[in-house]
Each structure stands twice: as C-alpha cells, then as structure tokens.
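Starting from the known structure of chain A, arrange chain B on it as the hints suggest.
Heads up: the protein sequence lines correspond to chains A and B, in order.
If you read the first sequence in the working numbering, its first letter stands for residue 760, the second for the next number, and so on.
If you read the second sequence in the working numbering, its first letter stands for residue 760, the second for the next number, and so on.
No lab work stands behind these hints: they were computed from the structure.
Incorrect hints may have been included.
Given that identical chains are not distinguished, each listed pair holds provided it fits within a single copy or across any two copies.
Listed next, the in silico BS3-like pairs over lysine-lysine satisfying Cα-Cα at most 30 Å (straight line) [to be verified]: (1) K1362 <-> K1153; (2) K876 <-> K860; (3) K1049 <-> K902; (4) K876 <-> K1153; (5) K902 <-> K1285; (6) K958 <-> K1290; (7) K860 <-> K1049; (8) K1216 <-> K1114; (9) K1098 <-> K1362; (10) K860 <-> K873; (11) K958 <-> K1049; (12) K1345 <-> K895; (13) K1054 <-> K873.
Chain residues, written in single-letter form:
Number of protein chains: 2
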Amino acid sequence: MASDTRPVVSNRRTGEFTRWSLTLIPTTREAPNDAETPSHVLLHRAGFIRQVGAGIYDYLPLAWRVLSRISTIIREEMNAAGGSELLMPALEPFELFEGTKRDEDYGDNLFRVKDRKGRMNALAPTHEEVITDLMKGAVSSYKQLPLTLYQIQTKFRDEARPRAGLLRCREFIMKDAYSFHMNVEGAGGLNDSYDAMYKAYSNTFTRCGLDFTPVEAESGPIGGSASHEFMVNCASGEDTILKCPVSGYAANVEKCEIGDRGPWTLDAAPTGELTEVHTPNLPGIDEVGKVMKVKPDRMLKTLVFAVTGAVAGNTAAVLPKWVLAVVRGDRDVNEGKVKKLGGCAVTLAPEKEAKAAGFAIGYVSPRAVNTADTLLLIDSEVAQGGFWATGSDKADHHVKHFNWTRDIGAVLKDTAKVMVGDLRNAVAGDPSPKAPGAVLETARGIEVGHIFKLGTKYSDAMGLQIQDETLGKRSVIMGCYGIGVSRTMAATVEQNHDENGIVWPAAIAPYHVLITMMKPDDARQKEAAGKLGCMLVGEGFDVLLDDRDERPGVKFKDADLVGIPIRITLGDKALDAGGVEFKLRKDAMGKAEVVPMDEVVAKCLASLNG
Amino acid sequence: MASDTRPVVSNRRTGEFTRWSLTLIPTTREAPNDAETPSHVLLHRAGFIRQVGAGIYDYLPLAWRVLSRISTIIREEMNAAGGSELLMPALEPFELFEGTKRDEDYGDNLFRVKDRKGRMNALAPTHEEVITDLMKGAVSSYKQLPLTLYQIQTKFRDEARPRAGLLRCREFIMKDAYSFHMNVEGAGGLNDSYDAMYKAYSNTFTRCGLDFTPVEAESGPIGGSASHEFMVNCASGEDTILKCPVSGYAANVEKCEIGDRGPWTLDAAPTGELTEVHTPNLPGIDEVGKVMKVKPDRMLKTLVFAVTGAVAGNTAAVLPKWVLAVVRGDRDVNEGKVKKLGGCAVTLAPEKEAKAAGFAIGYVSPRAVNTADTLLLIDSEVAQGGFWATGSDKADHHVKHFNWTRDIGAVLKDTAKVMVGDLRNAVAGDPSPKAPGAVLETARGIEVGHIFKLGTKYSDAMGLQIQDETLGKRSVIMGCYGIGVSRTMAATVEQNHDENGIVWPAAIAPYHVLITMMKPDDARQKEAAGKLGCMLVGEGFDVLLDDRDERPGVKFKDADLVGIPIRITLGDKALDAGGVEFKLRKDAMGKAEVVPMDEVVAKCLASLNG
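So that you can see chain A by itself, here it is in the shape it has in the complex:
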C-alpha cells in the first residue's frame, strides 16, 4: 500500500498554508467585561479564545496552533529526558482516593460526577492516584525501573474565583509527568530524573522564547532542595519571586530564606507603663495601629498554631500543643519557617479550640506563652528593645509599651519554651542567604512549571511496592512534574505584547509569515501570493494569507493584533518595483522595506535566525 509509506519515507515539511477567509479568526475591538490582564484582553480581541463558561474557554484555530507548538516542544524535551507519553482518563473513580484522602485536600476544588449507577467520580485535577494504581498492576520488579511517564491532558479544578482568562481556569491543559525509582541517589535514582526534568523544563521555556526564572519552592517530604517552580518574569504575575543579584539564588515567598539579620536581644529597658487601649471590631492591624496611633512596624503580630505532629529529626519526648509565632506587625508569618524552627508540624489554630484553651484570638500577645503546653517563637527582627504595641490577651483591647524582659522575663530563661530565629516571609531589602552583604530583590512572576520530589507519599498510601535487588519488597520512590500548557500560552502574551496587540516569539507563533493582499481580487496580487506561498511553504514556513475582502486599514490593525512575526504586504507600488513590503511585527515603529521577490525566502530565514 503506497499510503502506508507516507509517514516513513517522506520527510514531511512542516510548512502549511491557510487562507484567512477559510478559517475562524474573529478579531474584535471589544474586550470582555471582566478582562484586566493583557493576555485575557488580547487573546480574546485577536480571536484566539472565547469564553464558554466561568473559567472555561474555546481555543480557536490560532490558539490551537500555538498550543500545538508548545506541546511539540514539550514532547521533544520530555522524550529527550527519557519520558514515554501516555494518556490517562479525566474521569477518576472515587475509590482511588481511599488511601490518599486527596478528595478531602482538594475540597470544593474537585469536580464531582455521580454516574447513572450512583457511583462517584472526580474530574481528575492531577493523576498521582491513577498512575500509582496503574503502576501497581503493571510493574513488579526493580528491573522495570526507572520509568518516566507523561501526558498532555485536560485538567479540571473548580476554582472559587477563576480569573485573568487562561491564567486561572476551571478547565485547562497541563503536561504532567511522573517518575518511578527504587532509589533517591545513584544511577536511575530520583535525583537523576529530577535533574533531567529541571534541564528539560529550562530547555522547554527557553525554546518557547520565554524570559523565566527557576525558583526554589517549599520542599517536599524528602527535604533538601526538592521542589522548583518555573516562573515567567512578568510585572502582572500573581506570584512574588525573591532573587539575590549576586549569587543568582531565587526562591518563592514560601521558600525564601533570609540571611543574617544581625544581633538580637530580649534584654532592654521598658519604654513606659503597659497601657491598655480599647480597640473593638477592627478588621486588621492597620486599623488597630490607627486607633492606637502606632505604626505597624512598632507592633507585634502573634499567631497561634495548633501542633499536629513532630517534623523529621525532632526527638523531643513531649511536643507542645500550641505554638505562638511573633513577627513585626507589617510582616507575614511563614508557616514553613515556623515548622522548621519549632520542630513541629503545625496548622493555624481553629478559632473555637484556641479560644477554649484561653487564647484571646485577635488580641493575643507574647504573654500568652504562659498558657500550658505553649511554645513561643520570636522572629529575630522583633527580638529587640524599644517601643512595642501588642494584644492585651483579652477581647477588644491592645496594650502599648510591651517589654520582653519585664513582661515575660521569667519564661525567657526556659530555652525549651522560647526560641528566636527566622519566622517571616522575606521581602526586598532583606539580606541574601547566599551572598554576605547582598540584599534580596523582589520580582513578579507567573508559575508555568513545577517539579517536585514526592518520595513514597503515594506508593505508601496506595501500596505500590515492588521487588528490589534482594527480593525484598520496597515502596517505589516517585517524582512529579507539571507544566501549564494553556497558561504558558497566556504567560507568553503577558510578556510579549505592545499597545497594538500580541508579538509572538517565532517558535510558538501560530504562523511564521502573514501575507496581506491589499486587493484580494487583483490578478497580479493573486499570482504573487501563490508564488510566495509556494516558496515559503517549501522552506517549511507556516503561512497565513489575508485574502479577505476588507479595507487595508482593517487588515493592518488585525495584523498587529494577531501578532504573526513576519509581515509581507502585496501592494501595487512594491510589485511595480518587482518586490513586496517586508516588516517584522516586533519592529512596531519601523517602516516596511521593499524586498525583491526572489530574496524574500532568504530574508525570512535570516529574520528568524537573527
């Protein structure tokens, strides 16, 4: 059969040719009512997406082409990193959550589907359970590992507030990969695959033409530097990144360490008598400060955590029941740092239980350390003398002139009950943890990828144990690795646009070249369009021909909006001179130059290589 051999013996060129008049590119001047972010506005206006429901979108032909290009790059890099592609289903029987209880973790974010027989299913938000269950039946021996499997698939999360177009959706496209190992270290171990994925992610986003930063993220259960987020650098991003300009260290807010903040002391003279102020019904620390006439940076913020267990390495015989974490009023407590300093797994204390234990929630001060089974953690920034305002440990009141020595001096001597250290989120200007003398800077980013060492969390919960070299059974060690595919498209637009529209990086542009016919019915222009199309497609360029019966002004505005990298215009003047008008989308201000017909292909090649 001749047809059989087509994919085998021919080297298919990628070049494709599309007439605008025969596809669907519904450009519009109107942005959606709720659209604020540039990618939401421009992807809608340029005819890439249409909303179907809250956080649910149609990807129209141009968007589909961009998504396909991103997916191709991801596949090449995943395959190069040793991954095999598969496809798991969207419907996930609820029984799979029995061991992991992730249905509870996801809560209302999980779409639930009861089928005609009354059985409950989830629309899978990710596939750890499904793939762990698959592996239980499919592998039995260490000989079959390591293994990396991935899919590019539609995911579902019932977000409470879908927003910003494709940046936070309820149905979206994700690449998720899972790796399986007998060991963490050594050949074929988790660390090897994690490093290969880190490289594959860097390659992927580089090839997509994105400016991005890999940042350290909160560690997984294995500890160490076991998680990284890949952030597209972008002022409109919803995540904050901290970077050290000297060492290159970068981390997200949850993870970022702070360097040495200098000496601290709890030993200082009082600034005055403890003075109570009536502060009822105030929503936050700023309002309390206004009533008290104290700036938030002279106030102590004291959060109460309930202890849920010990962290690995804590050998204390008895754990506290409660942890108080004290930071400056204008700072945010970092839960990961509370865990680390306190040596306890914690969760923000439920108000009812905390009140029952005697904590005046909303008005707690460090003096509450006197409550039984309570550990006091103090951020080094507030372990200083001087004036402090804080809660009064009774409802509706705060106090001025709190003093560590005078007010809780007796407890301060008990080093098992009080600790000082780093407890808060890093901010710009904090000392770098990696380069003495350097200070951290902040930037905004959009998270497009996340890689993670899972360890045996899922294999333990679901019983994925296989035979090791000694014929014993061992839990399989796992990693997981995600890329938001549709989000990557949106992030690219956030980073690549001007006031007139999108400016696609060539590698993921829906087409490489846009040919605009000034007069679609003109015989000479038709001939030129056909000839140019053939030449360019023959060289592997994807070409969009604007052959619409529209005014030139409309076409030029749409060309700016849609953002194809190379723009060729067929008009009488240039054709009279034996050429065409040539312009790059990224040179917004530049004038088109006339390029002779037989030099167009070379010019296009040079433009994309340049």
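Frame of chain A, contents of chain B only:
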C-alpha cells in the same frame, strides 16, 4: 535565537528510537475477566490499555502512539478538506441546552456535573451546542462562510452497558467536525463539504489500512441520501450492513431499502375458523409460537405507534393518533419505513396510554384498526392469503386462522386507513433496491465514522442567523462529521490479528521495526543494535529495541502479541554470517531470513512499500 528556527529550517525526520526497558509495555498472559472481543483481550494482553473504571481506560505508551498516528492521518485529511482545528471544552454549561433540549434526548447518557456554585454542567457528548453558540458570536456575514471546524477531543457518555473494551466506552476519543454554509447546493454549499468529507473519510480509513464500507444511513431532516456511516468490515461487529453485490449499494439496517417483493393481495379464502389459544405470560413471539404450534413466519407481529406529528410533504388535514404496523413474526419493524409509508412522525406507543386507548399491548392484531383514529400499515410480505396466527386483542390470548378479508374486510376498502408497502428491516436474500434480480447480502461491521447533513436544526434552535447577500438574515446550514478515534484503533485490531496477537498495519503501527536482542549484554549485539537503530531512524523508521533481560521465548511471544510489522532479531548465528534475522509479523508461519546488515534498510523500505 537559534532555537526558534528549529521547526522552520530543519526537515525533522519522524524516526524515533525507544528502548523497551525504558518504557511501559506491561504484556500479560491474562485477559480481563469480562473480555470477549479480540481487541479487548489483545489490547490488554499486549500492554496497550488498562481499565480504570467501567468503560474508562488508560492508553499506555504503545496505544498512545497508535492514537497519535491515526490522529495525524485524520488531521491531514481534515486540513486537505478545508477544515481548521480548534479545541472546545469538555465542561458544557447546561444553559446551552435550553434551545435544543438535547439534555432530554441524551437522558442518563449525559454525565451531569454540579459545580461549587450549584450550576449544572454536562460533560459534552458532542459539541453541536457549543460550536453553534461560538459561531453566534464569531460570524455575522455570508462572507465568512463556508467554514469547517474540527477537533480531536475526549468525549463522555454514561453508557448503561459499556462493553468490549474500547468499542463501547464511557470516555473515548473522537474527531468531530462541523461545517457552516449559506446554501445546500452550489459552490460553498453543504453538499460540497459533505462530499469533501466523504472523500476525506474514505482516504483516512484507507490510509489507516482498514477494510471498510461506507453505508447509507437514516437520513437527516434535509432528506435524500444525507447520512453515511463508515463501517469496518468485521464478523465481530455489532452492526449489520446490507450490500447489493451487483450495484455496490450498501446501507445499514435502519436505512436499507428492499426491492420489489412481487405481487401482494389481501383477498384470500379463510383457512379455518378463528380459534382462540390461551397464551399468558410468554416473553416473546417464539414462545407464543411454541405454545400455539405455529412457526413465527406464519404469525403477524403488530406494533402500536403513537403519532407525534406529520412528516415533511404530508398535507393531510387530520393526522391519525395511532399507527399499527404489521410484519411477519420473524421480522423487525423499521421505524423509518413506518414514518415514510404513514407520512407521520411516530414513536413506539407508551404502554399505559396505548392500553387506555383500548390496545391490548402484547396481544394486538390488525383488527385493532377499528380503534378510533388508527392507521393500519401492512408489510407486503404479510399481505397474502394462507394461514396466519395473531393476537386476539384481549390480554393473554392469541388466535389462529386470521383472514384479512373476513376479519377486517370492511376497513380494507378505506385507502386512507390502510396501506401496504415496505415496513420491515431488510435481511439477506431480499431483492436489491438497485439491481433487478440481485439479492441483498448481509455482513457485520463496526461503525468508525458517521457524516450527517444537519440542516438548520441547531441554528434554528439557538438563533444562529447571519446576513446573506441581500442583507436579509438567514439561518446557517450545518453539517456534522464524526470519527471514533479510540474505536478506530480497536476496530483495526478486530480486523488485524491472529491467534498470537495483533498484526498492525504499518501506517498506524506504534513502531515500524522491532529489533530483538537475544543477549542484551553482548558487546557485538549492542554495537549492531546501535548501528541498525541509527540507520533506520535516519530513514524515518520508528524503532523499538527489545533490550530486556528476559529469555528469548518471552521476547518472541511478546513480539507476536504487540504486533510491530517488521521484526529484526540480533543473534550470534546471523551476526557470524554478517547479517540479521528478518521477518514480517504478518507472515506468521514464515521463517526468518538472514539479511546482510547493509541491506536491512532497503529491505525495510521494500517491505512497507510492498
């Protein structure tokens, strides 16, 4: 940026190289408990699929590769037919069904998802509503049509009885296309696109290597030959196809016409007195026949239909309320033919209402024509004299010696109340409707594609009207076109297997060549595998290398099971002679031949071209 130019200037070869030891191909000797069809058994045993829930499957790496190849062929043919690819969401807000009421048509087959805000969504079983709604906002003028859009997407149907592996699933992969037109005839009209789709479907299934038959299917609202199913010819298929070997006519059971069955008459002498027989609680006509000692082909089967409206072209002032359709006891009433002969839209009468109107459901005879507002339709096969048994029109009884003239002669003269014609499903041996003298033959098939002229059903229901050439508003005319992608994979296996496993057609095989190493650790075999792999991948072949530490017997069994078309074995004997063992999977009985190393590529090319 160098990376930008990769997809543009390089002619990427498709050749890929995979080591069995690094991917997931969990072959097994055990078939699933409920597996009966070959594709279900073999796709599971060969490690292509695993069940996740009822009618829900993981597509493992080999299956994903086959699905990707089928999808590539579909995309090429859809693009050649003028289609543009897009992607619509799986979640479909219920409001979209307001106009079409298809949520009621689908009933329990529709998966319903209530979100966190209490809004109801469907998991889309197809996308007519979504795309019609999209078009309402995106096109406004005839200048933007015709337009053909398609997607390859996961579909959801909560089948009551998912079965046969991928042949009837609750979550499956489908290509669905929709075309939009101002006219049925002429350039850019529906008929043009329908014909282009017919050709694209024929090309697609031919290129996939399938033996298939396009059959006429029940017409859409436009009438004429407005629907075709594409059936893979296969004895295990669940659909029956009727074919005329002389004219080439082929149709499904619902659609198939029957040629002239010769003269009929209702005028004949009685064979005896009407005799009642007590026939209570018998489940079917066969059991009734046994009790009465009458063969089903001498019994009259009378079905009661309720009239729901007139069909196009019926200008009768008053419609009947009920239609009785009488066929031979061993035949099946064809509802489409009932509509056509009676000129009424009908539905099988709800038992309760029919009983209230006086019909003894289960025991109805042609004499029930005496009920008010009833039309009697008689299949020409039973418009004959001789012995007939039939119902007695009262519960629990049948009668023998029914005679048309004696028993309902008075009514027979009223041509508005009684009609004779073709009412039943065709069967093998019936006269061909297209070639006088020829008889129909039956065959079994698996439906893998269906094309359909929709007309204005959805645009009317949802208000998709656009400006025509005269500036008036007109409803858009639509067509829709589906291919079961995952079902096509399963149908291919049904048609291409032997007792040892799958025999993939080269065009959609997961790999073209399987290289089996007898001794994976042997230096000479390693070198040969590397060299062969390079040569073959360089020519665009996809190569799977079985490098597992397993016995040769296990590898050969797995090779048969998995079904890669070309099999090369690296063993000492052939390598001593400067060659490799070469065999085609389809030559199950053939012996491997030794091919010199430097002739292997040419041999592979010739094998796939042959």
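Hints, verified against the model:
1. Neither within a single protomer nor between protomers do K1362 and K1153 lie at most 30 Å apart by alpha-carbon distance, with minima of 75 Å and 89 Å respectively.
2. Within a single copy, K876 and K860 get their C-alpha atoms as close as 23 Å, and across copies as close as 23 Å, so both meet the 30 Å cut-off.
3. In this assembly of identical chains, K1049 and K902 lie within 30 Å of each other by CA distance neither inside one copy nor across copies; the values are 67 Å within and 64 Å between.
4. Taking the closest pair of Cα atoms, K876 and K1153 never come within 30 Å of each other, the shortest separation being 54 Å inside a single copy and 37 Å across copies.
5. Only between protomers do K902 and K1285 lie at most 30 Å apart by alpha-carbon distance; the minimum there is 19 Å, versus 62 Å within a single protomer.
6. Taking the shortest Cα distances, K958 and K1290 sit within 30 Å of each other only across copies (28 Å), while inside one copy they are farther apart (42 Å).
7. Proximity of K860 to K1049 under the C-alpha cut-off of 30 Å is found in neither arrangement, the shortest distances being 45 Å within a copy and 59 Å between copies.
8. In this assembly of identical chains, K1216 and K1114 lie within 30 Å of each other by CA distance neither inside one copy nor across copies; the values are 34 Å within and 63 Å between.
9. For the homomeric pair K1098 and K1362, neither the shortest alpha-carbon distance inside one copy (59 Å) nor that between copies (66 Å) is at most 30 Å.
10. For the homomeric pair K860 and K873, the shortest alpha-carbon distances inside one copy (18 Å) and between copies (21 Å) are both at most 30 Å.
11. Taking CA atoms no more than 30 Å apart as the test, K958 paired with K1049 passes in neither setting, with 50 Å inside one copy and 76 Å between copies.
12. Within a single copy, K1345 and K895 get their C-alpha atoms no closer than 51 Å, and across copies no closer than 33 Å, so neither meets the 30 Å cut-off.
13. With identical chains, the CA atoms of K1054 and K873 are never at most 30 Å apart, being 53 Å at best within one copy and 47 Å at best between copies.
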